[in-house]
Amino acid sequence: MIPYGKHHIDQSDIDAVVDVLRNQFLTQGQQVPAFEQALCAYTNAHYALAVNSATSALHLACLALGVTKGDVVWTTPITFVATANCIRFCHADVDFVDINPSSRNICPLALKQKLQQAAQQNKLPKALIVVHFAGFSCDMQAIADLCKQFNVKIIEDACHALGGVYSADSSKIGHCQYADFVIFSFHPVKSITTAEGGALLTNDKHLLKQATLFAKHGVTRDAELMQGEIEGPWSYQQLTLGYNYRMSDMQAALGISQLNRLDSFIQQRRLLAKRYFDAFAELEIQARIKLPNKEQLDFSAWHLFAIELNGQNRLEVYNALLTRKIQANVHYSAVHLQPYYQQLGFKLGDFPNAETYAKNTLTLPLYQTMTIAEQDYVIEQLMDVLCQNPQ
Numbered sequence: 332m333i334p335y336g337k338h339h340i341d342q343s344d345i346d347a348v349v350d351v352l353r354n355q356f357l358t359q360g361q362q363v364p365a366f367e368q369a370l371c372a373y374t375n376a377h378y379a380l381a382v383n384s385a386t387s388a389l390h391l392a393c394l395a396l397g398v399t400k401g402d403v404v405w406t407t408p409i410t411f412v413a414t415a416n417c418i419r420f421c422h423a424d425v426d427f428v429d430i431n432p433s434s435r436n437i438c439p440l441a442l443k444q445k446l447q448q449a450a451q452q453n454k455l456p457k458a459l460i461v462v463h464f465a466g467f468s469c470d471m472q473a474i475a476d477l478c479k480q481f482n483v484k485i486i487e488d489a490c491h492a493l494g495g496v497y498s499a500d501s502s503k504i505g506h507c508q509y510a511d512f513v514i515f516s517f518h519p520v521k522s523i524t525t526a527e528g529g530a531l532l533t534n535d536k537h538l539l540k541q542a543t544l545f546a547k548h549g550v551t552r553d554a555e556l557m558q559g560e561i562e563g564p565w566s567y568q569q570l571t572l573g574y575n576y577r578m579s580d581m582q583a584a585l586g587i588s589q590l591n592r593l594d595s596f597i598q599q600r601r602l603l604a605k606r607y608f609d610a611f612a613e614l615e616i617q618a619r620i621k622l623p624n625k626e627q628l629d630f631s632a633w634h635l636f637a638i639e640l641n642g643q644n645r646l647e648v649y650n651a652l653l654t655r656k657i658q659a660n661v662h663y664s665a666v667h668l669q670p671y672y673q674q675l676g677f678k679l680g681d682f683p684n685a686e687t688y689a690k691n692t693l694t695l696p697l698y699q700t701m702t703i704a705e706q707d708y709v710i711e712q713l714m715d716v717l718c719q720n721p722q
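In case it helps, the working numbering puts the sequence shown at residues 332 to 722.
Zero decoy hints are in this set.
Below, a list of computed lysine-lysine pairs in the DSBU-like style, where the Cα atoms sit at most 30 Å apart: (1) Lys-621 to Lys-445; (2) Lys-540 to Lys-479; (3) Lys-678 to Lys-690; (4) Lys-503 to Lys-605; (5) Lys-443 to Lys-625; (6) Lys-690 to Lys-621; (7) Lys-690 to Lys-443; (8) Lys-454 to Lys-479; (9) Lys-445 to Lys-678; (10) Lys-536 to Lys-479; (11) Lys-454 to Lys-540; (12) Lys-625 to Lys-656; (13) Lys-400 to Lys-445; (14) Lys-400 to Lys-479; (15) Lys-621 to Lys-678; (16) Lys-503 to Lys-479; (17) Lys-337 to Lys-690; (18) Lys-656 to Lys-337; (19) Lys-605 to Lys-621; (20) Lys-656 to Lys-621; (21) Lys-445 to Lys-479; (22) Lys-536 to Lys-503; (23) Lys-454 to Lys-400; (24) Lys-503 to Lys-621; (25) Lys-443 to Lys-503; (26) Lys-503 to Lys-445; (27) Lys-443 to Lys-479; (28) Lys-656 to Lys-605; (29) Lys-621 to Lys-337; (30) Lys-605 to Lys-625; (31) Lys-400 to Lys-547; (32) Lys-536 to Lys-547; (33) Lys-625 to Lys-445; (34) Lys-443 to Lys-454; (35) Lys-400 to Lys-443; (36) Lys-690 to Lys-605; (37) Lys-678 to Lys-443.
Have a look at the derived ranges for each label pair, beta carbon to beta carbon: (38) Gln-447 to Ala-499: 19 to 25 Å; (39) Gly-559 to Asn-453: 37 to 43 Å; (40) Leu-357 to Pro-432: 43 to 49 Å.
Think of the hints as simulated: they come from the structure by calculation, not from any bench.
This structure is a prediction, so every number in the text was calculated from the model and none was measured.
Glycine is no exception: its CB is placed at the ideal position from the N, C-alpha and C atoms.
Given these sequences and hints, build the entire structure.
Right, dumping it as structure tokens:
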């Protein structure tokens, strides 16, 4: 079976984890700070906090920004549900901004119109969570300018995008020049893996301290934060109600090892993406399918290669590929149409671009160890399936 995504572990990764198992602390040792420093060095962000999942990182970012009951935070309907759920974890309200059909990211024009309307109604959001869908960055310069104008905080959900670059200036995604926080995921199908895990990056030391406090039970040993007399070096104080969102040192060691190969991973993903573009160009000209915007090629981290079918029955196409040992997938069903969010009042027709994309999309296999022979087989079989499933 050719999966839609797959991690790559080599001997250096195994050696790094075994070294922790044999010789180091399994948790709260030196590997997590070393991984955080490596993430900062790679992205040029000032600070990083490694945690047990990207969902935790998103939650921490909202908590650190003070998102709470009575606030509203906006995001995109085309994302995994965790992006919206982290807002609800803080008892705040969620709203969405429709996507640009070409980039599949939040549309700056739609955002501008919605911000202007919200300002007139005195209902501006506290924050906006943008998602760099499939690894391609949103138009962060335009979005940052808009949010600054309306005093809206920004969280970049870059879970798909580690190793990618901003299309505006080709700088590494994650440097936090455009946002208060940038979030990464290290799930096995992402750019690098720590098995499970995530990180939040920021250039604001105060926000880092807030996020760190919430990530570690609300407990601190920082003398600058503690109150009253400190008895001894063993002393700690709980300042707020927090969570246990720590990453283990085994995970961090794996992350450091993987990070050393990240650029080669992204280079291979871009090569595979280009081969898909070249192979399916004629199908797009014939309006049989819609490909991602090819302008993304040299910028995206290519976490996903998602096509859009044009009139074919998606389930039939998916099942036909599955019988040929090819596992496609769908990223994503529109969040606002999930039953939980429909219970909050969202309905079909609210965000038409997102709904059209979600109805037609199909994710093809793409991962750094995918062979040319495997990809050629996927290309050949998809073309055959589409010929058998006319528009």
